[in-house]
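Each chain is listed here by its residues.
Protein chains: 2
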Amino acid sequence: MGDLPMNKKNKISEVKYFETNKTFKFENGETIENLTIAYTVNGRLNLNKDNAILVCHAFTGDSNVTLWWSNFVGKNKAIDINKYFVICSNVLGGCSGTTGPSSKKSKGNSYYGTDFPTFTIKDIVKAQKILIDYLGIKKLYCVVGGSMGGMQALQWTATYPDTIKKAIIIASSMTHSPMQIALNEIARQAITEDNEWYGGKYYGISSPDKGLALARMLGHITYMSEEYMREKFGRKRKKSLKYFTPSFEVENYLHYNGEKFTTRFDANSFLYLTKAMDFFDVRDEIKKIKTKKNISLNKVLIISFISDWLYPSSQSVDIVDAYNHSNIETEFHEIKSNYGHDAFLIKNEEQAKYIHNFLKS
Amino acid sequence: MGDLPMNKKNKISEVKYFETNKTFKFENGETIENLTIAYTVNGRLNLNKDNAILVCHAFTGDSNVTLWWSNFVGKNKAIDINKYFVICSNVLGGCSGTTGPSSKKSKGNSYYGTDFPTFTIKDIVKAQKILIDYLGIKKLYCVVGGSMGGMQALQWTATYPDTIKKAIIIASSMTHSPMQIALNEIARQAITEDNEWYGGKYYGISSPDKGLALARMLGHITYMSEEYMREKFGRKRKKSLKYFTPSFEVENYLHYNGEKFTTRFDANSFLYLTKAMDFFDVRDEIKKIKTKKNISLNKVLIISFISDWLYPSSQSVDIVDAYNHSNIETEFHEIKSNYGHDAFLIKNEEQAKYIHNFLKS
Numbered sequence: 001m002g003d004l005p006m007n008k009k010n011k012i013s014e015v016k017y018f019e020t021n022k023t024f025k026f027e028n029g030e031t032i033e034n035l036t037i038a039y040t041v042n043g044r045l046n047l048n049k050d051n052a053i054l055v056c057h058a059f060t061g062d063s064n065v066t067l068w069w070s071n072f073v074g075k076n077k078a079i080d081i082n083k084y085f086v087i088c089s090n091v092l093g094g095c096s097g098t099t100g101p102s103s104k105k106s107k108g109n110s111y112y113g114t115d116f117p118t119f120t121i122k123d124i125v126k127a128q129k130i131l132i133d134y135l136g137i138k139k140l141y142c143v144v145g146g147s148m149g150g151m152q153a154l155q156w157t158a159t160y161p162d163t164i165k166k167a168i169i170i171a172s173s174m175t176h177s178p179m180q181i182a183l184n185e186i187a188r189q190a191i192t193e194d195n196e197w198y199g200g201k202y203y204g205i206s207s208p209d210k211g212l213a214l215a216r217m218l219g220h221i222t223y224m225s226e227e228y229m230r231e232k233f234g235r236k237r238k239k240s241l242k243y244f245t246p247s248f249e250v251e252n253y254l255h256y257n258g259e260k261f262t263t264r265f266d267a268n269s270f271l272y273l274t275k276a277m278d279f280f281d282v283r284d285e286i287k288k289i290k291t292k293k294n295i296s297l298n299k300v301l302i303i304s305f306i307s308d309w310l311y312p313s314s315q316s317v318d319i320v321d322a323y324n325h326s327n328i329e330t331e332f333h334e335i336k337s338n339y340g341h342d343a344f345l346i347k348n349e350e351q352a353k354y355i356h357n358f359l360k361s
Numbered sequence: 001m002g003d004l005p006m007n008k009k010n011k012i013s014e015v016k017y018f019e020t021n022k023t024f025k026f027e028n029g030e031t032i033e034n035l036t037i038a039y040t041v042n043g044r045l046n047l048n049k050d051n052a053i054l055v056c057h058a059f060t061g062d063s064n065v066t067l068w069w070s071n072f073v074g075k076n077k078a079i080d081i082n083k084y085f086v087i088c089s090n091v092l093g094g095c096s097g098t099t100g101p102s103s104k105k106s107k108g109n110s111y112y113g114t115d116f117p118t119f120t121i122k123d124i125v126k127a128q129k130i131l132i133d134y135l136g137i138k139k140l141y142c143v144v145g146g147s148m149g150g151m152q153a154l155q156w157t158a159t160y161p162d163t164i165k166k167a168i169i170i171a172s173s174m175t176h177s178p179m180q181i182a183l184n185e186i187a188r189q190a191i192t193e194d195n196e197w198y199g200g201k202y203y204g205i206s207s208p209d210k211g212l213a214l215a216r217m218l219g220h221i222t223y224m225s226e227e228y229m230r231e232k233f234g235r236k237r238k239k240s241l242k243y244f245t246p247s248f249e250v251e252n253y254l255h256y257n258g259e260k261f262t263t264r265f266d267a268n269s270f271l272y273l274t275k276a277m278d279f280f281d282v283r284d285e286i287k288k289i290k291t292k293k294n295i296s297l298n299k300v301l302i303i304s305f306i307s308d309w310l311y312p313s314s315q316s317v318d319i320v321d322a323y324n325h326s327n328i329e330t331e332f333h334e335i336k337s338n339y340g341h342d343a344f345l346i347k348n349e350e351q352a353k354y355i356h357n358f359l360k361s
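Protein chains in written order, with my numbering: chain A, 1 to 361; chain B, 1 to 361.
Incorrect hints may appear among the rest.
Any copy, or any two copies together, can satisfy a pair, since identical chains are not distinguished.
To be verified - With a straight-line cut-off of 25 Å between C-alpha atoms, the simulated DSS-like cross-links for lysine-lysine are:
hint, residue 1, residue 2
1, K239, K105
2, K293, K242
3, K287, K236
4, K105, K360
5, K239, K25
6, K49, K236
7, K292, K77
8, K288, K236
9, K239, K293
10, K104, K242
11, K242, K105
12, K25, K242
13, K122, K236
14, K25, K292
15, K138, K22
16, K201, K239
17, K201, K242
18, K83, K360
19, K122, K242
The hints are simulated quantities; they were obtained by calculation from the structure and are not laboratory data.
Chain A extracted, bound-state conformation (with noise of 0.2 Å):
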């Protein structure tokens, strides 16, 4: 561990897998055996094992952090793997190789699809908690999240706040609005609709791929600001062929990544990873952990973005308060960006800053 062999890019990580040998139990009560954990590790381990940071993927992101996040994570990044010790794994029911919907079952050769069981943000963290352990890690200096990441990093500050020091939150909330759900079941219903979904049980048989497609092109359009989509795109466009096909450049950029979306990620897991996180609801929890013993959580970061619509400030503004009901310390910035939702994964000395000097302090 930690004595990774990595590429000159100091970029794409070795993907390992953990197999678990105890049944897995979800909040539900279903189990499933054999769950299968898929993880990078970045860095190394220090003797007193206190240098460890979770790093928690975002809705269709995967362990390869230092490819997603290489803007934070790496050699003398704002996460810097010369001093910390950095994990990420791919989450329960997603689609990069950990256990989810897309894997086969322990018995037989059947798939799970939508046998798999429903799971919860909950469920996630409490995957990564079992692998933590198999790590040998006692305590986590620092979890850290954005987006649906960030609902795992404060899943984390509320389930075990005795095994983490500190949590860093980006562009999150601690539950999805009425808006958030609505444009997730969209999506939802986009792959359902398809007939090559067949009720999830398309494996080895077809790909709602069309549903895919249009699910993540909607997403495309939430991850971005209107005032950036104005300088990226304006009303740019080519003669289309056919009158009911794209023209405008923003309609083939959506085209183009929906399509592209599908060959990287499997429509279950979209499904299953949406509606986890529109049940989320981890307010109480936080505003709870006052009442919880051996605390070591001492500090939160949380930062959101000005240009962020799907994640608004105001509910990073909510997080704030709720830590602040557990006394937990905060701090919290609203960072000036025009990229919207996106922000949190490009480029951003800002953003740098404030994680380089939380994790210092």
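We have chain A already, so just place chain B on it with the hints.
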């Protein structure tokens, strides 16, 4: 004309049909015969024929203005039919009586479907002008419209500034931003990817109801503000039978309205009209009004709503600037309302006052 049988509630107007006997030529050069225009009239045309107001309906509206805009059109309302002669016609390419893709071709027995000429907002307005001529009105006192209706009013001022005296443009834009185009494209994609769309030749065979419902669901999100959705739905939910079916109230609301919409609207009209809006770009024409002769247009009222994120106030400010460029007097109000884009349809004393005073002045 002007002496309508009306029911006691003063709401439902009798829809009349006017069939043109001249070939209608579209902006793209194509033609159709026997264009029929469905319209309503309310109030009495005075002897001077100078009290006529044309109301242009929004995207999915129809000619029955005393029904869908009963908050503002009626006896003693902001647009008082005791005083004014109010005309409203279903748009060219629509599906509520005026010739459109779901109409039968003038020759033979087949439906237009996607053989219907691609049309623009300018074509829609041209059809309205034919109706106004037929009604014997030389000069309209005012053209009024919200959203896509506002686009038509904008186009009227640009094409026929010698035929109108005033215009009212509410929650609208001179041109769609990339975000507006992107949202429309998702909706179109939902329809054209529906297996029942059959390239637009579905009449008499099937109906792409699932895609159309999905498109409408997305529309509904954009018509509301986040704040209003919070107040109306919050996170209220009931247990759903299956996991991937709606459980939150906001989801049920969207599904209900999506399905209801398919009983009254045609999918091809949806496609054509959204394209007409996306291609609409009247900015340069507005700026060139001053070069036209015999301009009777002397004042334009522009209204926007603070919580409307689909047609944000900045787009109305742009409209004001463009008219000022043509030395046309403007009056602009941004109204505080929680209802988002739908605000222009909802009862509002402030909006009523501005319209009433503007018409009186």
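We went through each hint and held it up to the structure:
no.	hint	verdict
1	K239 / K105	neither (49 Å within a copy, 28 Å between copies)
2	K293 / K242	neither (65 Å within a copy, 38 Å between copies)
3	K287 / K236	between (49 Å within a copy, 21 Å between copies)
4	K105 / K360	neither (44 Å within a copy, 74 Å between copies)
5	K239 / K25	between (55 Å within a copy, 22 Å between copies)
6	K49 / K236	neither (54 Å within a copy, 44 Å between copies)
7	K292 / K77	neither (34 Å within a copy, 61 Å between copies)
8	K288 / K236	between (52 Å within a copy, 22 Å between copies)
9	K239 / K293	neither (65 Å within a copy, 34 Å between copies)
10	K104 / K242	between (42 Å within a copy, 22 Å between copies)
11	K242 / K105	between (45 Å within a copy, 21 Å between copies)
12	K25 / K242	between (52 Å within a copy, 21 Å between copies)
13	K122 / K236	between (44 Å within a copy, 21 Å between copies)
14	K25 / K292	within (23 Å within a copy, 75 Å between copies)
15	K138 / K22	within (19 Å within a copy, 84 Å between copies)
16	K201 / K239	between (39 Å within a copy, 24 Å between copies)
17	K201 / K242	between (34 Å within a copy, 15 Å between copies)
18	K83 / K360	within (10 Å within a copy, 73 Å between copies)
19	K122 / K242	between (48 Å within a copy, 21 Å between copies)
Violated hints, listed in ascending order, are 1, 2, 4, 6, 7, 9; each of the other numbered hints is respected by the structure.
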